[in-house]
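**Student:** Starting from the known structure of chain R, arrange chain Z on it as the hints suggest.
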Amino acid sequence: MAARAKAKGEGGAAASARDDRREASAAEAPGAGAADGVAITGISGNLGRALAKVLHGRERLVGIDRRPFRGKPKDLEMHEVDIRRNKAEGVFRKGRLKALIHMGIMHDPRMSTEDHHSFNVLGTTRVLDYCVRHGVRKVVVLSSANVYGPSPDNSNFLTEDSPLMASQRFSEMRDLIAVDMYAQSFFYRHPEIETVVLRPVHVVGAAIKNAPSNYLRLPRPWALMGFDPMVQLIHVEDACRAMAAALAPGVRGVYNVVGPGEVPLSAILRELGRDPVPVPHVIARPLLRRLFDLHLSGFPPPELDYLQWGCTVDGSRFVKDTGYAPRHTLKETIHSVVGE
Amino acid sequence: MRLSERILGGLRGWTFAMEPEIQERLGRLAAAQNEFGVDPFGLDLEFTVAALAPMVWLYKHYFRVEVEGLEGLPEGRLLLIANHSGQLPFDGAMIGVSLFLHAEPPRAIRAMVEKWVPSLPYVSTFMARAGQVVGTPENCRRLLAADETILVFPEGVRGISKLYRDRYQLQEFGHGFMRLALETDTPVVPVAVIGAEEQAPAFVNVKPLADLLAMPAFPITPTILPLPLPAKYRIRFGAPMRFTGRPDDDDEELSQKVKSVKAELQGMINAGVQARPHVFW
Chain R
1 MAARAKAKGE
11 GGAAASARDD
21 RREASAAEAP
31 GAGAADGVAI
41 TGISGNLGRA
51 LAKVLHGRER
61 LVGIDRRPFR
71 GKPKDLEMHE
81 VDIRRNKAEG
91 VFRKGRLKAL
101 IHMGIMHDPR
111 MSTEDHHSFN
121 VLGTTRVLDY
131 CVRHGVRKVV
141 VLSSANVYGP
151 SPDNSNFLTE
161 DSPLMASQRF
171 SEMRDLIAVD
181 MYAQSFFYRH
191 PEIETVVLRP
201 VHVVGAAIKN
211 APSNYLRLPR
221 PWALMGFDPM
231 VQLIHVEDAC
241 RAMAAALAPG
251 VRGVYNVVGP
261 GEVPLSAILR
271 ELGRDPVPVP
281 HVIARPLLRR
291 LFDLHLSGFP
301 PPELDYLQWG
311 CTVDGSRFVK
321 DTGYAPRHTL
331 KETIHSVVGE
Chain Z
1 MRLSERILGG
11 LRGWTFAMEP
21 EIQERLGRLA
31 AAQNEFGVDP
41 FGLDLEFTVA
51 ALAPMVWLYK
61 HYFRVEVEGL
71 EGLPEGRLLL
81 IANHSGQLPF
91 DGAMIGVSLF
101 LHAEPPRAIR
111 AMVEKWVPSL
121 PYVSTFMARA
131 GQVVGTPENC
141 RRLLAADETI
151 LVFPEGVRGI
161 SKLYRDRYQL
171 QEFGHGFMRL
181 ALETDTPVVP
191 VAVIGAEEQA
201 PAFVNVKPLA
211 DLLAMPAFPI
221 TPTILPLPLP
231 AKYRIRFGAP
241 MRFTGRPDDD
251 DEELSQKVKS
261 VKAELQGMIN
271 AGVQARPHVF
281 W
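Respectively, the protein sequence lines represent chains R and Z. Residues 1 to 340 in this note's numbering are what the first sequence lists, from first letter to last. Residues 1 to 281 in this note's numbering are what the second sequence lists, from first letter to last.
Just chain Z, with the same shape it has in the complex:
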């Protein structure tokens, strides 16, 4: 216990050393913390700042993230819809860091994690304290009602564990996010992440092994373990899209709206891939 507290303290110090203004930004994060330092969903800002340290380092020195479009974010609740790639969800972490460090006002994002995450030791606790919640519609609705920022990868596992030959091709989108956007009248902001595809190009996905380990996929990458290569990240926040309609519409209706988001995002991705000078810098 004492050791873990020392480690957390050290990590917090590291975060503050890298980004001194975080302290001030933390104060402006309107979070509903109780006397034990957690909000009702289990987000612990102290812990989050410690957990951020390696992510901030990756953000600044490893992936050297370039961000665009933050100034166009509307106030209040948001559904961020991003492409998912790279075998390990560093794309989510980098989007989170960018909003924590650079959005005005600062935002602590809530990613909707896969239902198998809470069954993993340590990972589950880490995710919960860092504000990530299980991706049930009920959780999402509740967070949006509280004006939170939610990051959704509508491709889910299909996106993150796709093979290198499919890079930057959006996979099938789930419809859930659109239902929630309509129900809660939340603006949808497409977010294109360029670079994550190259961090861990997967050549094959060993399905039987994945099933054996109860993992969604078991990719074989150049680093064997899906450790990321230092690709350069470029994150672009698009213009907010607003939708009206009934959340319980036919799938047909809904899918038209989902398609428009997907098309917008694919356009942003294509433009981003075209415009970048190089994969690694």
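With the rest of the complex left out, here is chain R:
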């Protein structure tokens, strides 16, 4: 890839970001060294592939993931590297990038916390560093509305300045919060870079394998007796469109991203034709702990908090600043979990 691209030239080119965008669709980027690429970490995951689909043809994409990208479009530049390795920096040095969308954050409840921490937190600090060193002017970090954590004393619509309490009860969330906070401090330390931290609500989709999607696909999901919190879901395509919207010049800051609205958990289960098993909350946690330890359930026990209390957020600031609006209705979003 264009070895003649010089990091120096990138600053000026970013000023005409709008032009770059138009050129990018022409696929054969001019050799003038214009920084027009959008790097995506974690592109090979299900969410990453969905994002690539949304942005492909609109931006010149540069994928970074240690996993291979199955079904990769031919004209998409892909680097199979671990973001923590020096090799990954090369992608930034030579990639002529104007933006990074960082969603190389993994949550696997079965992985050791050290592996998690190293990949998520160290990985994030590394890629953001590469951006500083190689003149990338826009950084979009995918966090999650889960950082606030479900709690009985939550307000119904948490704003972006609410404290990030999730790890208090769910230690596996520590990484996610660390990544979010690191991105925030990065925002302040590097005013020359437009940093956006996105905190979308539960992303659902047929191909998405996160806890909420998996839960909603269970034929007989647990429900906690007497609890029916309000839930916000976002269709995976809407989540991707939100990330695309965050690339717009001038957008910076921390944003909650919501889908088409709030609905009681019971209504979602009814809509999907599920037959929930009511479990008293006092026995649900120890029981799930046992099942999880025995590998009979893939849900770590603190996930039960989401069935008991709300963790719903106010996404109006993002709407105001970017004009983003979800395209999928509540019903479509709910049914997308099973691919309908």
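Just so you know, the hints here were simulated from the structure itself, not pulled from any lab data. Hints may be right or wrong, so weigh each one.
[What the hints assert, rightly or not] Over 12 Å on every C-beta distance to chain Z, these chain R residues come out as not near it, computed from the model:
hint	residue
1	H56
2	H79
3	P212
[As the list claims (entries may be wrong)] Pair ranges (Cβ atoms, derived):
hint	chain 1	residue 1	chain 2	residue 2	range
4	R	R285	Z	L29	37 to 47 Å
5	R	A207	Z	G13	40 to 50 Å
6	Z	N34	R	D108	58 to 68 Å
7	Z	P74	R	S316	22 to 32 Å
8	Z	N205	R	P286	42 to 52 Å
9	R	N46	Z	N34	25 to 35 Å
10	R	R220	Z	E21	41 to 51 Å
11	Z	S4	R	D108	33 to 43 Å
Just so we're clear, the structure is a prediction, and the values are computed from it rather than from any experiment. Note that the Cβ used here is the ideal one computed from N, Cα and C, for glycine as well.
**Tutor:** The following block gives chain Z in isolation, referenced to the frame of chain R:
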């Protein structure tokens, strides 16, 4: 699921039988319901009508509520400031029913519930579907911005679980409601509830037991469980009070304004207690 739906359907029928005009009033309640029948806060009008049935019965036949002053309510958002008593919050329910049945236009009130309520099974869901929300300032601000009617008991637990010997003595008021009133320019309407004190006179409050059960209080009443006696309720809505000033004023400034509301309410309570012919009728 099917059984619970039948029960809800039956309760709705009961409400409509007792108050046929509710159907028409429901239609006039401007609520932001989505296709699943809930508003963003989780208020479900269908559910509320069902939940209202026993409350409407209590309102009409048990507490035989007399209401005064509804015609003086200004339009738009309101902060209703009421005295709190009776161990169980029937006072809130009765104020709610009175506004649902008799206010013009009908209003579905939002009470700010204690933070421990969402941790209670069933109660939490019941409260949420009936439009009650956790009493955080953020929630309150949001609801007022949407022109809702909010009921606040500034005494909180101090009021509802006080002992019989302290009846009709307003306890210490929180300042939060005044901050919100100033911030959102909302009129404050004092609401005096007479009769709720006698529904469950508490003689002692067993603090250790309350702590053990993580409840705000554990009162011992004549009915042992705080089941209400059929005291007669009299609810009086006062004249709206408007305040101007900075919401981030010193506590000193704020407390002057809070005191004026408290004094007004205490006056209404005293007059109400004096004027009533009897506790039970």
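**Student:** Would you mind marking each hint as holding or not holding in the structure?
**Tutor:** Each hint tested on the structure:
No Cβ of chain Z approaches the Cβ of H56/R within 12 Å, the least distance being about 33 Å, so the stated non-interface status holds. For H79/R, the condition that its CB be more than 12 Å from all CB atoms of chain Z holds, with the nearest at approximately 43 Å. Here P212/R stays apart from chain Z, with its beta-carbon at least about 17 Å from theirs, past the 12 Å limit. The supplied range of 37 to 47 Å is met by R285/R and L29/Z, whose beta-carbon atoms lie about 39 Å from each other.
Distance hint check for A207/R and G13/Z: the Cβ-Cβ separation is about 46 Å, which falls inside the suggested range of 40 to 50 Å. Restraint check, N34/Z to D108/R: a C-beta distance of roughly 34 Å breaks the suggested window 58 to 68 Å. Remark: the range hint 22 to 32 Å for P74/Z to S316/R is upheld by a beta-carbon distance near 28 Å. At roughly 33 Å, the beta carbons of N205/Z and P286/R sit outside the given window of 42 to 52 Å.
The beta-carbon spacing between N46/R and N34/Z, approximately 28 Å, falls within the hinted interval of 25 to 35 Å. For the pair R220/R and E21/Z, the beta carbons lie near 43 Å from each other, so the given range of 41 to 51 Å is met. The beta-carbon spacing between S4/Z and D108/R, approximately 38 Å, falls within the hinted interval of 33 to 43 Å.
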